[in-house]
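Participant: The lines below spell out each chain.
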Amino acid sequence: MTFSPELEAKFADLVTHYPEGRQRAALIPMLMFGQDEVGSITPEFMLEVGKRLGLNAMQVDEVVGYYSMLHKKPMGKYHVQVCTNVACLLRGGAELYDHACHKLGLGHKEVSADGIISLEEVECIGACSWAPAIQVNYDFHHEVTTDQLDTILEDLKK
Amino acid sequence: MALVNVTINGVQVQAENGALLIEVAKQNGIEIPAFCYYEGMSLQAACRMCLVEVEKAPKLMTGCTLPVAEGMVVRTESEPVVKARKTTLEFLLSNHPLDCPVCDKGGECELQDMTFKYGVGESRFTEIKQHVPEKQWSPVVFYDAPRCILCYRCVRVCDEGMGVGALGVSYRGVNAEIIPSNGDHLECDECGSCIDICPVGSLTSGTYRYKTRPWEMEHVGTICTHCSNGCKTTLGVRNNEIIRGNNRDKSGINGEFLCVKGRYAFDFTQHPERLQTPLIRNAAGELEEASWSRALKLVAEKFKALAGPDFGVIGSTRTTNEENYLLQKFARTALGTSSIDHHRTGDVVTLVDSLSGKTGQLAIAEDLYTTKAVLVVASDLSQQQPLLANKIRANFRHHKSAVYTVTPGPVREDKIARKAIRIPEVDSLAGVEQLRESLSKEAELVILFGDAIQGDKVRQLVAFGESLGIPVKYIALVDYANSRGALDMGVLPDLGPGYHATAPGRSLQQMLDDPDLSALWVVGANPLKGGKSLASPGAFVVVQDLFLTETAQRADVVLPAASAYEKNGTVTNVCGQVQRLKKGIETVGSKTDLAIIGLLARGMGVNLGKVDADAIFAEIAAKVPGYNQLPMPVILTGGAVQTHPVNGGVPPSSVPGIIASARDTLFTTGSLTRYSKILNEVLEKPGALYS
Amino acid sequence: MKLFNEPSPLETKIISFRFGLENSASIDTYLAHDGYKALRKALEITPDDIVNEVKTSNLRGRGGAGFPTGLKWSFVPRVSEKPKYIVVNADESEPGTCKDRLLIQNDPHQLIEGCLIGALAVGAKKGWIYIRGEYNYLIHIMDKAIAEAYKNGYLGKNICGTDFEFDLYTHTGAGAYECGEESALLESLEGKRGVPRIRPPFPAISGAFQSPTLLNNVETFSSVPAILRMGGQAYADLGVPRSGGTRLVCMSGHVNKPGVYEVPLGFPMMKFVNEIGGGVWNGRALKAIIPGGSSSPLLKAEECDIPMDYDAIAKAGSMLGSGGLMVMDETTDMVKVALRIMRFYQHESCGWCIPCREGTTWLKKMLQRVADGHGQTRDIDLIGDLAQNMMGRTFCPLGDAAAMPTIAIVKKYRNEFEEYVARNPFASPELVSIA
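Residue numbers (numbering that gives the first Met the number 0), protein chains in the order written: chain A, 0 to 157; chain B, 0 to 690; chain C, 0 to 434.
Simulated from the structure, these hints should not be mistaken for laboratory data. Just to be clear, a hint being listed does not mean it is correct.
Said to hold, decoys possible - Simulated crosslink set (DSSO-like; lysine-lysine; CA at most 30 angstroms straight-line): (1) B/82 <-> C/54; (2) C/191 <-> C/12; (3) B/55 <-> B/249; (4) C/124 <-> A/9; (5) C/364 <-> B/104; (6) A/50 <-> A/102; (7) C/191 <-> A/50; (8) A/76 <-> C/191; (9) B/418 <-> C/81; (10) C/314 <-> B/55; (11) A/72 <-> B/528; (12) C/54 <-> C/124; (13) B/58 <-> C/411; (14) C/156 <-> C/124; (15) C/410 <-> B/82; (16) B/582 <-> B/528; (17) B/134 <-> C/191; (18) B/399 <-> C/12; (19) C/364 <-> C/54; (20) C/191 <-> B/82; (21) C/150 <-> A/9; (22) B/58 <-> C/364; (23) A/71 <-> C/364; (24) B/371 <-> C/81.
The structure presented is a predicted model; accordingly, all values stated were derived computationally and were not measured.
Sequences and hints are given; from them, build the entire structure.
Facilitator: Structure, rendered in structure tokens:
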């Protein structure tokens with residue numbers, strides 16, 4: 000399996016961050032940064048990362064299954080994450096999520112047929128004082144109204 | 000270690016400082032219930048069943064992780080503790096399917112027992128339970144996630160106990176479940192330890208599931224008939240059929256350890272090709288079924304006529320000590336021949352001779368768990384000697400013992416080895432020499448060596464060991480359940496019982512090669528395996544076996560024999576530990592080799608005395624050096640006792656014999672395993688040593 | 000960096016005073032505003048002096064547990080055969096909390112300086128900042144700041160011309176609240192499942208890679224440079240006895256001016272809501288406040304007239320926790336709040352231990368059923384009882400964190416649960432036990 004030169008360089012750098020013999024520590028960063036390029040945590044990708052860190056497929060799988068941001072199935076090119084946790088709930092997060100569901104015709108962790116947009120109801124993303132908040136991939140949008148959400152989603156489709 | 004005073008439930012007890020409370024309580028007869036805690040394995044504190052009240056602690060503490068200290072005051076049955084237990088069980092049962100009526104584990108389930116003893120009677124759970132379908136991971140391992148209580152015993156026994164690490168945990172929270180090594184299936188030793196150790200019916204066995212209830216079986220403790228390690232196995236028998244093998248009572252030298260063969264490969268007893276009646280070669284040259292009386296009469300007459308020095312007898316590495324003893328006695332007296340031998344797989348004889356004049360230098364299985372250091376020479380221990388390998392792993396895990404390996408290829412012990420020497424010519428001892436400095440710094444050592452070390456190499460290895468200046472013990476590795484017993488009983492062309500010199504006869508290979516051999520009597524062996532042939536065309540061949548092996552196909556008369564699970568007697572394991580076989584099932588059509596020998600003797604008019612296992616063992620104890628002074632109560636109650644072989648030198652051999660291991664792997668032991676349906680199913684690819 | 004909310008004149012800006020500056024994340028800005036002065040001071044005094052200064056400051060851990068920081072620092076053994084490490088907990092995931100994000104975003108060098116002082120105090124040469132996966136953009140900001148610090152001789156070898164050396168790296172999480180628990184964070188740092196460890200040993204003795212580790216929250220480390228600059232006593236004097244200094248409080252929910260504000264420990268809660276936060280929105284009345292993240296039991300309006308410090312809030316039956324203060328107006332549906340909180344903990348339970356794994360799941364199902372209008376009266380008692388049964392019996396504090404708010408809501412707003420049940424046409428009278 001091959002990665003872009005940038006990612007390879009990142010991987011090469013990552014393993015130097017940890018004490019000698021403890022390179023397994025690079026696993027989660029490699030999976031996270033790799034997922035951004037590969038699109039999802041594919042079996043091939045898991046094997047490759049495992050091979051580089053001296054882990055077998057099961058050991059990688061144990062970790063992948065644990066973390067909610069690691070997806071074995073590809074999410075959309077734009078992964079829309081709506082927070083509905085308490086702080087957002089108090090300021091309309093649940094309604095915003097419902098709105099997104101209806102607008103996109105998608106449910107939790109569903110991907111549009113063209114693979115462009117996916118939707119996820121997420122737990123607190125750390126934007127409580129500027130609620131309700133969403134993240135599109137890694138980008139935060141604060142104090143999002145349903146109208147603003149419409150605009151954001153329209154822009155993504157372009 | 001210093002002793003401290005601890006008060007448990009108002010009773011003051013003394014305990015080693017720092018010992019775990021759960022163990023201290025147990026030693027004092029107080030049960031602190033637990034699912035995840037398992038003696039000898041790493042701590043989890045996950046199940047929360049062992050919460051106890053400790054004075055001055057702000058909340059309940061887990062007894063499984065709490066080291067006792069001076070003045071500690073503990074209550075294990077107080078109201079808050081009892082309430083915590085009840086609620087933990089209530090939480091556990093909230094998502095546990097209550098399918099006990101069809102669950103394999105029903106009747107011996109720890110969750111059932113705990114609920115019975117500590118649980119609430121009523122369920123307050125009215126929601127829908129989480130369900131996921133059951134998965135099959137291998138022909139013998141099934142996993143039902145909803146029943147799983149996530150105690151992680153299976154994960155640990157596989158990783159820490161077996162050194163395999165084929166089980167893991169994935170997902171999170173209520174979705175967390177156990178996952179197998181290879182995506183949707185297991186690639187492992189298939190030892191079944193995970194199934195055995197599962198406190199509930201989450202991991203079930205492909206051979207046992209939905210077949211019976213535990214209380215419908217008889218549980219017969221006997222010795223596994225496969226490799227030489229001599230593991231105790233408790234056969235679950237119902238309607239004269241063995242349904243399972245395990246050793247949950249942890250009796251025997253193996254505790255609860257069993258490998259794939261011990262756990263599953265009893266099914267050869269039920270194989271459709273199992274011989275049920277004697278066969279006699281007819282005029283057309285074909286083997287045809289015959290009655291026992293006709294076959295025995297024919298054999299007795301022929302034996303009487305052919306008795307003399309050209310008569311060849313081949314004994315077994317699998318039959319009992321009594322059978323081998325009687326066989327050689329019969330051969331040497333009634334048949335008047337010295338040509339008796341068996342398939343030798345390790346040079347115990349030279350080892351015994353090399354140690355003449357010394358005592359206490361033959362190691363037993365337990366030594367491998369307690370010794371400070373182990374050297375493995377020329378053996379893929381995990382494949383060939385699974386119990387011994389397990390003991391070494393446990394020793395490493397619990398006592399940080401030193402492990403050294405000298406092998407021609409990679410072995411599992413390398414992972415825990417302080418030094419692993421890879422050397423193609425393992426018999427050169429050059430590899431061992433490389434370790435001299437490290438080994439001489441150890442406090443003590445046990446050396447195990449395979450068949451590559453034989454003859455003078457054994458002497459050299461012992462000389463090496465003795466030159467280290469530390470206490471050294473030895474184990475000469477052999478292959479089969481009674482390989483050691485066959486040697487001890489004198490099934491050898493030049494040595495009688497207890498390695499005493501006798502008139503020399505032919506070795507096994509010499510018998511096969513001798514064109515003048517008049518007769519060949521093969522009891523529980525298959526010397527013609529692998530396309531070998533008998534040089535004497537006219538030899539009258541009698542074979543006693545379970546199956547129509549290559550040798551049996553050449554026979555003039557085939558007598559169907561009973562397996563080790565169908566008879567009483569004793570066997571001696573690789574370390575010289577004598578253990579008792581206990582009959583699990585009755586034979587159908589076949590007879591024990593002991594009975595057959597007795598009947599032949601009677602047919603020939605030879606008086607061998609009382610032919611029953613106990614009587615002959617008494618004779619062995621009286622006449623075979625090393626087997627005298629064995630504490631019989633220990634053996635009779637299922638214990639293992641080490642023999643003390645001769646200690647005055649073994650006479651040099653004048654008969655060139657062949658010593659060669661069959662190089663079996665974890666999944667094979669000669670013909671028996673070929674007839675085990677389960678072993679053939681679980682074997683994904685032919686196993687190989689040193690890979 | 001643009002601020003997300005306007006600062007308030009009532010704030011006491013000790014660790015957030017650079018937030019509004021132009022290029023506040025750059026080392027130039029940092030150096031122009033007292034940057035790395037505390038480090039130079041720390042280099043001149045002994046490790047014990049540093050630890051004592053932190054002890055004097057009465058700084059308490061800002062991650063949630065509020066453990067005295069100086070004491071924690073003193074637990075790291077002076078002499079160790081193994082290397083010692085610094086780990087920063089930037090896994091900010093406690094619902095209601097969004098302050099560490101601002102500290103890294105606006106002032107990453109302050110955090111680096113805090114780490115350096117910590118490293119000097121305990122003798123560490125390497126450290127990691129564990130940043131939650133969702134805060135991906137902060138990794139870029141932090142990496143840039145770290146690179147600047149290396150370039151300017153504040154990281155690497157011969158720091159400030161001395162023989163002090165320290166390497167610092169960022170490390171990303173991948174979505175797991177549980178990794179905010181320090182031992183679970185260390186497991187995750189080592190590339191494993193974020194499941195907490197059996198303690199003792201505590202991280203100070205056996206932490207990252209089984210070595211002695213000083214592990215603190217972002218805000219805790221970020222407070223250290225100020226403590227050394229102004230002196231521990233002066234810092235302590237900002238707050239109240241046993242709770243020194245200032246902290247960032249994240250105000251969210253039904254207020255006019257939600258935002259993150261820095262106030263001294265002991266600042267009156269109602270003044271904070273009414274004067275800094277501009278009061279409850281839409282002219283409505285206050286119903287309740289969750290004072291320190293969703294793990295802290297909520298306080299009814301009449302219980303909120305208290306100072307915001309660890310002891311005072313604990314006395315009121317809640318926790319200052321992570322400083323996530325969530326305000327609820329009179330229209331708030333407490334059943335829905337309870338359900339949402341439990342959904343969160345159920346989702347985040349690592350599954351290691353039985354009471355938490357099964358308890359959160361059972362409770363979520365029950366709360367969902369009640370909220371869906373299918374509740375029975377006995378369910379209300381059972382919810383309270385189950386939550387109580389989780390308390391103090393789980394492997395790590397997540398179980399308590401799920402139980403405490405639930406117990407408080409059911410106790411304080413039982414009537415709202417009863418109203419839900421009353422609306423269930425199929426509500427049955429109490430069943431008689433057959434036992």
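Participant: Each of the hints needs a verdict: does it hold here or not?
Facilitator: Results of checking the hints against the structure:
1. With a C-alpha separation of about 41 angstroms, the suggested pairing of residue 82 of chain B with residue 54 of chain C is violated against the 30 angstroms cut-off.
2. With a C-alpha separation of about 39 angstroms, the suggested pairing of residue 191 of chain C with residue 12 of chain C is violated against the 30 angstroms cut-off.
3. Taken as a hint, the residue 55 of chain B and residue 249 of chain B pair is broken in the structure, with Cα atoms around 38 angstroms apart against an allowance of 30 angstroms.
4. A distance of roughly 22 angstroms separates the Cα atoms of residue 124 of chain C and residue 9 of chain A; the hinted pair therefore holds under the 30 angstroms criterion.
5. For the suggested pair residue 364 of chain C and residue 104 of chain B, the alpha carbons sit about 29 angstroms apart, so the restraint of at most 30 angstroms is met.
6. As the CA atoms of residue 50 of chain A and residue 102 of chain A are separated by approximately 43 angstroms, the hinted pair breaks the 30 angstroms bound.
7. Of the pairs offered as hints, the one joining residue 191 of chain C and residue 50 of chain A holds, with about 16 angstroms between alpha carbons and a cut-off of 30 angstroms not exceeded.
8. Of the supplied pair hints, the one linking residue 76 of chain A and residue 191 of chain C holds, its CA atoms being roughly 28 angstroms apart against a limit of 30 angstroms.
9. Distance hint between residue 418 of chain B and residue 81 of chain C is fulfilled; the C-alpha atoms sit about 24 angstroms from each other, no more than 30 angstroms.
10. Annotation: proposed proximity of residue 314 of chain C to residue 55 of chain B holds, straight-line Cα distance about 22 angstroms (limit 30 angstroms).
11. Taking the CA atoms of residue 72 of chain A and residue 528 of chain B, the gap is near 53 angstroms; set against the 30 angstroms cutoff, the hint is violated.
12. Of the supplied pair hints, the one linking residue 54 of chain C and residue 124 of chain C holds, its CA atoms being roughly 22 angstroms apart against a limit of 30 angstroms.
13. With a C-alpha separation of about 25 angstroms, the suggested pair residue 58 of chain B and residue 411 of chain C falls inside the 30 angstroms cut-off, and the hint holds.
14. Restraint check: the Cα-Cα separation between residue 156 of chain C and residue 124 of chain C comes to about 10 angstroms, which is no more than 30 angstroms; the hinted pair holds.
15. Annotation: proposed proximity of residue 410 of chain C to residue 82 of chain B holds, straight-line Cα distance about 21 angstroms (limit 30 angstroms).
16. Among the hinted pairs, residue 582 of chain B with residue 528 of chain B is consistent with the structure: their alpha-carbon atoms are about 28 angstroms apart, no more than 30 angstroms.
17. A C-alpha spacing of about 25 angstroms is found between residue 134 of chain B and residue 191 of chain C, which places the hinted pair at or below 30 angstroms, so the restraint holds.
18. As the CA atoms of residue 399 of chain B and residue 12 of chain C are separated by approximately 55 angstroms, the hinted pair breaks the 30 angstroms bound.
19. For the given pair, residue 364 of chain C sits about 45 angstroms from residue 54 of chain C by alpha-carbon distance, which is inconsistent with the 30 angstroms threshold.
20. Of the pairs offered as hints, the one joining residue 191 of chain C and residue 82 of chain B is violated, with about 34 angstroms between alpha carbons and a cut-off of 30 angstroms exceeded.
21. For a cut-off of 30 angstroms, the pair hint linking residue 150 of chain C to residue 9 of chain A stands: about 20 angstroms separates their Cα positions.
22. With a C-alpha separation of about 28 angstroms, the suggested pairing of residue 58 of chain B with residue 364 of chain C holds against the 30 angstroms cut-off.
23. Simply put, residue 71 of chain A and residue 364 of chain C have alpha-carbon atoms about 27 angstroms apart, close enough for the 30 angstroms limit, and the pair holds.
24. For the suggested pair residue 371 of chain B and residue 81 of chain C, the alpha carbons sit about 26 angstroms apart, so the restraint of at most 30 angstroms is met.
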